[in-house]
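2 protein chains.
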Amino acid sequence: MSKALTVNSYFEDQVKSIALDNAEGVSTVGVMQIGEYEFGTSQKEYMTVVSGSLTVKLPGESDWQTFTKNQTFIVEANQSFGVKVAEVTAYHCRYE
Amino acid sequence: MSKALTVNSYFEDQVKSIALDNAEGVSTVGVMQIGEYEFGTSQKEYMTVVSGSLTVKLPGESDWQTFTKNQTFIVEANQSFGVKVAEVTAYHCRYE
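Chains as they are written, first to last, in this note's numbering: chain A, 1 to 96; chain B, 1 to 96.
It should be emphasised that the hints constitute simulated quantities derived from the structure, not laboratory data.
Keep in mind that this is a model prediction, so the values were computed, not measured.
Just so you know, not all the hints are guaranteed correct.
Treat identical chains as interchangeable: a pair holds within one or across any two.
[What the hints assert, rightly or not] Below, computed lysine-lysine pairings styled on DSS-like, alpha-carbon distance capped at 25 Å:
1. Lys69 / Lys57
2. Lys84 / Lys3
3. Lys44 / Lys69
4. Lys44 / Lys84
5. Lys57 / Lys84
Between the sequences and the hints, there should be enough to build the whole structure, so can you do that?
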């Protein structure tokens with residue numbers, strides 16, 4: 001039997017994710033409750049919306065952009081970015 | 001603050017999922033460890049591979065089919081289906 005899957009919680013359980021490691025690399029799938037969050041990156045992140053939408057203020061940008069199902073945005077390592085979540089949203093985040 | 005997100009575990013923690021409810025409907029995102037599983041449906045399910053691949057024996061089929069990233073298979077309510085997982089795989093499952 002493989003090792004148990006790791007679930008992480010952030011922002012007082014308003015964001016939860018499950019980690020995986022496969023041919024595509026190391027990533028997580030997770031869900032964000034409605035709210036507004038500020039995330040920090042330690043690696044480059046490829047964030048893809050799986051269901052719902054994320055309105056994002058990318059590092060160095062002054063405008064907010066909305067990403068919907070199957071759309072991806074990229075954040076470099078050691079950056080922070082803002083996320084507004086207007087409906088509960090599932091995402092896939094791949095680390096590089 | 002919204003209610004806490006629900007995490008479910010199946011098959012001795014070899015499969016875990018997080019539930020969400022948004023404009024697309026009720027769904028889960030989850031991860032399956034390497035292994036072989038038999039799932040039962042209580043509602044119609046639209047299963048989409050988010051990362052990795054699933055080899056599936058759909059109800060009434062004699063052959064196994066492999067679904068990869070962004071591919072979807074549909075299972076009607078009250079059916080069971082077999083899944084072989086050769087690499088750790090993330091999925092999105094929408095219920096109807």
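How the hints compare with the structure:
1. Lys69 / Lys57: Close inside one copy (17 Å), not across copies (27 Å); limit 25 Å.
2. Lys84 / Lys3: Between copies only: 17 Å across chains, 34 Å inside a chain, cut-off 25 Å.
3. Lys44 / Lys69: both (21 Å within a copy, 21 Å between copies)
4. Lys44 / Lys84: Answer is within; shortest intra-copy Cα gap is 20 Å, inter-copy 31 Å.
5. Lys57 / Lys84: within (9 Å within a copy, 39 Å between copies)
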